[in-house]
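A.B. asks: Chain by chain, the residues:
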Amino acid sequence: MDRILVTGASSWVGERLVRSLESRADTEVFSVDEIEPSIGFASDFYLSSLDVLEFAEHVIAVRPTTVVHLQTLDRSALFGADHVQSSVVLGAQALFGAIGRLREIRTVIVKSDTAVYGSGPRNPSVVRESTTTPARLTAYERGLREVESSVAQLEDELPNVTFTVLRFNPIVGATIGNSLSRYLRLPAVPTLLGSDPRLQLVHEDDAVRALQHAIDHPKSGRFNIGSNGQLYLSRILRLGKRINQRLPARQFRYAMAVLRPFGASLPPHLVNLIKYGRVTDTRLMTQSLGFEPGLNCRSLVLAAYDRLPAQK
Amino acid sequence: MEEILNRLGVQELRSLARALRVRGRSSMSKAQLVESVAAELKASEPPSRKTGARRPSGMHGEERRRSSRDRLGLLVDRERVCNFVTIEGFACGLPPVRDNERCALHGGTNISDLAIPAAGALGFHTWPALIRHLQMASYDIDALGLDPVVAEILWHLGNYLYFDYFRVDAQGLANVPMEGAAVLAANHGGAAIPYDAMMLQLAVANDAPLPRRVRVIGTEIFNMVPTYSHLYRKSGAAYAAKEDAMWALENGHLLGVFPEGVQGFQKPGSEAYRLQRFGRGGFVKLAMRSGAPIVPVAVLGSEEVHPALFTSKRLAQLVRIVFPQQRVDEMAVWLNPIPLPVRWQMRFLEPIEVGPATDRPDRLTVLETAERVRGLVQAALDTMLRERSMIF
Chain A
1 MDRILVTGAS
11 SWVGERLVRS
21 LESRADTEVF
31 SVDEIEPSIG
41 FASDFYLSSL
51 DVLEFAEHVI
61 AVRPTTVVHL
71 QTLDRSALFG
81 ADHVQSSVVL
91 GAQALFGAIG
101 RLREIRTVIV
111 KSDTAVYGSG
121 PRNPSVVRES
131 TTTPARLTAY
141 ERGLREVESS
151 VAQLEDELPN
161 VTFTVLRFNP
171 IVGATIGNSL
181 SRYLRLPAVP
191 TLLGSDPRLQ
201 LVHEDDAVRA
211 LQHAIDHPKS
221 GRFNIGSNGQ
231 LYLSRILRLG
241 KRINQRLPAR
251 QFRYAMAVLR
261 PFGASLPPHL
271 VNLIKYGRVT
281 DTRLMTQSLG
291 FEPGLNCRSL
301 VLAAYDRLPA
311 QK
Chain B
1 MEEILNRLGV
11 QELRSLARAL
21 RVRGRSSMSK
31 AQLVESVAAE
41 LKASEPPSRK
51 TGARRPSGMH
61 GEERRRSSRD
71 RLGLLVDRER
81 VCNFVTIEGF
91 ACGLPPVRDN
101 ERCALHGGTN
111 ISDLAIPAAG
121 ALGFHTWPAL
131 IRHLQMASYD
141 IDALGLDPVV
151 AEILWHLGNY
161 LYFDYFRVDA
171 QGLANVPMEG
181 AAVLAANHGG
191 AAIPYDAMML
201 QLAVANDAPL
211 PRRVRVIGTE
221 IFNMVPTYSH
231 LYRKSGAAYA
241 AKEDAMWALE
251 NGHLLGVFPE
261 GVQGFQKPGS
271 EAYRLQRFGR
281 GGFVKLAMRS
291 GAPIVPVAVL
301 GSEEVHPALF
311 TSKRLAQLVR
321 IVFPQQRVDE
331 MAVWLNPIPL
341 PVRWQMRFLE
351 PIEVGPATDR
361 PDRLTVLETA
371 ERVRGLVQAA
381 LDTMLRERSM
391 IF
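The listed protein sequences correspond, in order, to chains A and B. Take the first sequence: its position 103, counted from the start at 1, is 103 in our numbering, and no numbers get skipped. Take the second sequence: its position 223, counted from the start at 1, is 223 in our numbering, and no numbers get skipped.
So here's chain B without its partners, still in its complex pose (with noise of 0.2 Å):
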């Protein structure tokens, strides 16, 4: 522990040993400051703790923030301007991507797959920057309707719910490919907004090796929705139509799903992280078509965020009445309207290779791997369940 704290700077020890109220401590030289903070910190270790990610990785959320940003600005030089000029004459003034010409919103990266951030950095800092070439519209949309600055100004607002809120503690991320086309499968969790898809795209940006984009596909409640719906859009999801995922997995993105479906949201609190029906395992069909493996993720603390009191059928009558579209036969009526600060984890499981391309994926195949998936993330979080001492 000592050689911990020896890499401290005076000041960080000085404040430490405020913390743990250290007496005469600003009288003391850096050996002394070392000594009785280690002295005082073995006497307030407790006894014996499960070995659960109570913080995870050694680290606050604040730096967890720096060390992400830090590690995004390494992905652009900012020495450089970017050389793109719109018809009307307005001169780009980010800058660029590494070993590039040009900024990350134009042309500098592929927006659709890579989430490296234009403005080099996020924070509230960049965003006169961001907003003015929002308002020029001087940079393109990618097919599904990612609108980059948008997802980058959603992406930094997400961050404070990400290392802040959440506390994510995502593991296993190396399983998730640097590059080419996979489908990031997880558990869904019973909240009225979709806060795992959310933190799974931005475990996969702020976390992985490389910041790729997740593209969520989700029902088509989301695109109904007001505000929300454009959002839901420019952020990179999008309705879970076959076209829109195909596109995506022919294009060599990663395609997240959740093959619960409206069941994995709507389910009692007595059923918290229990898996329910895979569908018909439409996902494992798109990519045995596209021959893009499938990154099995378990999600645990999103059952926690809104707990369900009980299902309501009247609800969903109601739900019906605004939505008639939507196939829902019981509504979770929750405890609480405002998120709890649950400390989440996340878990990418080894891939598992479908094979090669095929248009006529197998049936019984399809049905056997989909039930493998939901094997291996109902293990996973039973794991993580039983290693978990607390839920906040």
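Looking at chain A on its own, in the form it has when it is part of the complex (with noise of 0.2 Å):
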């Protein structure tokens, strides 16, 4: 009997977990977040508050097997800009705190980023899991390697545990609606002047197949999740028929503000995307992981646009 414990399940991946870990046999899934799920769980949902300690208590009385830890978004335009301290960094520190007094446990999960990396002009142009980069951070991409760090002192602390760190390139698709996504598919993207980004990017439905690749199969280590191939920004913005819009930095800013109302605002992490670009080594997640993206970069950016042609 596998006791999987989901957090950060009412966000887009998380849902679409919690749904197919509950149509498993033999499987009890508990899923934790601070806001309400938009769709109705048949499991075990828990509303969390600000108390981390409270949250630590019922990952304590829950007693899973299996932990799947979601919760590393930014969610700052919903909370404000104290939410990736508050509950990024404290919540990650609560959760491993409750790990370590689990007996049972024997796979932790951990949803990254590859906003660990930053991006900058010194980045090399294809980032590797092992390489440190000299970017300079935003309280986020901080926020995460913190995260990121305490995972590997746990690793030290429990060596009977299998931690995998899934580092995510950016999920976009046709119904996610974080904020990157719903940025790509407005009318007239607003695009920063003079620059033109590589992007390595992961189709929404992938992101959920590899959260559950990795539960079927728990192999300790960091690994980079991304689709072959990356594009440039404008050729992104061409192939969806979208209007590049270059507007020089403080315009760029002005429309960030104006675009905040309807969740299409771009925060400091992404608008340094936006400048700069990331695109990562993917070896590891194909060969070490065994895990095979089902769409490349260019497909997956018709599929985010609702263009991709019907398969013969």
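For the record, the hints were derived by calculation from the structure and aren't laboratory data. Don't take every hint at face value.
Below, simulated SDA-like cross-link-like pairs (lysine to any residue); rule was C-alpha separation at most 20 Å, straight line [what the hints assert, rightly or not]: (1) A:Lys241 - A:Thr175; (2) A:Lys241 - B:Ile131; (3) B:Lys242 - B:Gly279; (4) B:Lys242 - A:Pro134; (5) A:Lys241 - B:Gly89; (6) A:Lys241 - B:Leu130; (7) B:Lys313 - B:Ala272.
Starting from the two chains in their separate frames, assemble the complex, guided by the hints.
C.D. replies: Here is the structure:
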């Protein structure tokens, strides 16, 4: 009997993952998040408050064998600028503290982001898992690094538990409601004048599949999750038949302010991404983790714009 | 001389005769034209002149451009059409690479290594087809972000600088290996825009036995300047991160480095062609790690494009405000905003073997090899300077 705890279950990826885990035999799913899910779960859902100790007590009470930690999203648009510190970093601390007290636990999967590498002019063109990048980090990126370093500490303390850190490239898709997807689907997309970043993305379905794969085939280590290939932002917008509205830095900030109420405004780490771009090496993902994404970069962009022709 | 003139057509002889103001040229036969043009040429020849490269390889820019284009055209098969179709059903209409089913964009060749024009030739007439592919994003870019279509368009534009404006005379291109990795280490000239990096790429693409791409690495400033930053990437260059340089060498590409760095860039005119310190010899370490030979390259002409009047510390302070990460102490102040039409020379020297690939390069060997490369480039520059009769 597997007891799987999913944190951050109300995110798009979390909801899909919980749904798919619920349909499995011999599996009991427990989900946690700080906001209500938009779809109903058949399994137990716990709405965590800002009190991280209460959350830790709940984790200990659930006694999970597998923990899937998805609550590493930047929700500062919803909860204010302090969210990264108060929820992402402290929440992870509480969760890892609880994991340290649990005997039954076998697998811990942490959803991280390639934002841990930052993006800047001195980053290598293709970032590997082992690379320490010189880019200056935003608050969210620093928070993620802190979470990952506590995973590394916990790994030393608990040698019997498999820790998998999945660093996802930006997830986009036709239905996912994250800020990058909303931004890319605007009719006219404001971009920074004079910069054309290279982006590597993951399709929403591939992101859920990658998590399922990691649950089924536990493998300790850090893995970049991304589709094959990379595209320049200008080409992405051209594929989506969107207007590429190039704006100087100041006007770009105004445009972001205007877009904030629509949820299509980019947080600082994504603004950096739109300026300098980021591409990661996914060889470890295919060779060591054994996961193959279904769509390559070009077809996932077409899919995100509902322009992918049906398979014959 | 008559022998050469006999090979020309009557039309060309007549235009030569007109240039030399030969009287009665319109009624002359070919033999008469040859005779009078030869006589006129002999009379107008200056008595003695230093053996500098006044007119490299005896050809004008237009002729050189045409011969380069014809040579590149042999690499593709114009009779057939590439069989690639995108998932939306957009068929590629470009000519495939010779002995291949696909064109250069869609897997006919290794785009990171070979510079085979996708459209089969360089020219404005190929642009509509190329831009269609660019907009469809129908092809893959390589790991460092090289966009073969943008690179081809920039190559064509750069050729006007290479053949017509700077009239680059590249010698010793046989020293550039036809396949496999190599480090091309060149001296850096003082200019706002790294023309020497551009000319190095164009020399190997246009005049080498096999048109290969030189993957140039430079400072992060090139990744920060708007517009320039992404064109820089798309043309195949990158920031000098160790990972990127090793990627190029491990995959058997040519790596172009300027070991002097910013110091070579920002020096006063009095120090033109005096090579600066070669850093800590990072390029030798890269070569030793991958076992790639080092080809020293001497570039003459880059220093006079924007002659530096003096160097200023004030200006460097301003630059540090805009780019805080830059470590510039002095900035050169140039005479002219528009590049001067200097006649360039480029000499590729004998490759230096560094032995088999090793994970731990010997520190002293690194410094020694770097110093050797520096000496070779400096010696070649000195000879070229002595033999040069005119800057323009």
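A.B. asks: Could you run down the list of hints and mark each one as holding or not?
C.D. replies: Outcome of the hint check:
no.: 1; hint: A:Lys241 - A:Thr175; result: holds, 18 Å
no.: 2; hint: A:Lys241 - B:Ile131; result: holds, 15 Å
no.: 3; hint: B:Lys242 - B:Gly279; result: holds, 15 Å
no.: 4; hint: B:Lys242 - A:Pro134; result: holds, 12 Å
no.: 5; hint: A:Lys241 - B:Gly89; result: holds, 17 Å
no.: 6; hint: A:Lys241 - B:Leu130; result: holds, 18 Å
no.: 7; hint: B:Lys313 - B:Ala272; result: holds, 19 Å
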